[in-house]
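Colleague: Residues per chain are reported as follows:
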Amino acid sequence: MGCCWGSCKEDSASQGGDTNERTHLLVDPVSNNTPAQRANSDDFISRYPNSIPKKTDEQSALSRILQETATNVIDVAALDSHNLEQHEYKERSKQYQQRLLMQGSSQRWHLSAPSLLIDIPMPEKVLAAPPLSYADMDMISLLVQNANFALEELKVEHREDLVVPFRIP
Amino acid sequence: MAEDMKKYLKQLLLRVDNLLCILITDRDGVPILKAVNDKCPELAMRPNFLTTFAMATDQSSKLGQGRNKTIICMYSSYQVIQMNKLPLILNFVATADCNTGHILSLENLIEPLLGELKGAVIES
Amino acid sequence: MEKSIERCLSETCSMDGVIGSVLADQQGLCLGVKGKASISSSGVITAIADQVAKLEPASKNPIIVLENDTNQCLIQRADRATVAIFKTSNPVN
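Protein chains in written order, with this note's numbering: chain A, 6 to 174; chain B, 9 to 132; chain C, 13 to 105.
Just so you know, the hints here were simulated from the structure itself, not pulled from any lab data. All values reported here derive from a predicted model rather than from experimental measurement. Each residue gets a CB set at the ideal place from its N, CA and C atoms; glycine is no exception. Heads up, some of the hints might be wrong.
Stated by the list, open to error - Some, not all, of what chain C presents toward chain B, calculated at C-beta under 8 Å:
(1) Leu-41
(2) Cys-42
(3) Val-56
(4) Glu-68
(5) Ala-70
(6) Ser-71
(7) Asn-73
(8) Pro-74
(9) Ser-101
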């Protein structure tokens, strides 16, 4: 039982705070009481030496395992299961447009001026600045050439098989 | 207000050469805000195409590499970039030779917009 | 396999005045960064190189210099790669 959790632990930790479609709306009473209980069943028993877990606890623990496994299985078959009806789609689209219109906002949406060209004081100073030195030109040209050459040489080294057969007896 | 946002998105669209559309949808592919170039293929904006991303991002988040953020699909003539901003999805359609890195850098500029659009979706 | 690319970048970064360098591919995706440079700049760098190349379609691969009072950014494009070098400005002679 314990090993069921291993691979998914980090993942759920990294998703920690954000609410998404996989966050459970109803908090599981068992896991709520013992947040660290995701370890294994032995821990579970040793933490409550006096009381054998009740039947309902066991049931919900089992269903939790089932649910967790279901969320961790990569389910390709589910990919084309869900589609919106045409009218539903139109309705919702209209709804969003209305809400956007109603929504007030404090922020003004604009990008900074598209032009970089602005007046500067003393343009002659900038215009009289020395051009790019030959050393710098050589430096970047050399780097570009080398990088371009290195990219042409770039090959993927094949080390392992792409398809690995699972050892199913 | 909504007009302002639309204009903002349109300006972003024009910033990148060969970027054909920026589409902000909910996870069912229903558009909330969009900026479209008339060269954009209609097929790429259909909801059943867009919803596939919502599924794919959910499933690929299970590969043990953390939550999936962006999926880039390269086709022979187009590229589609989709970003997971659930409850919103950010979709970009561009020609295959378009500057992918430049499109990705638009993310930062669109991010502030999303906060406001989320309000429109969450209430549902 | 990517060693030669990394070597190019670190050799450049060890040069005088160079703060950082970025290498991007044609799609503006970052292939490597060394020193003080941002990964996310690769897209914009490639876009700049592409736009500037359009100014003079007959001559190939212009070198672009963006500069402020203290620093310079050099950009150049080749067939497969675009490179940017960030460096301090040369003192005025």
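Colleague: Against each hint, give a clear statement of whether it holds in the structure.
Modeller: For each hint, the structure was consulted:
1. Leu-41: Hint on C:Leu-41: holds, closest Cβ of chain B at ~5 Å, below 8 Å.
2. Cys-42: Cβ of C:Cys-42 sits 7 Å from chain B, so the hint holds.
3. Val-56: holds, 6 Å
4. Glu-68: Result: violated, 17 Å to nearest chain B Cβ.
5. Ala-70: violated, 20 Å
6. Ser-71: violated, 20 Å
7. Asn-73: Not OK, violated: C:Asn-73 not within 8 Å of chain B, min 17 Å.
8. Pro-74: Violated, because the Cβ-Cβ distance from C:Pro-74 to chain B comes to roughly 17 Å (cut-off 8 Å).
9. Ser-101: violated, 26 Å
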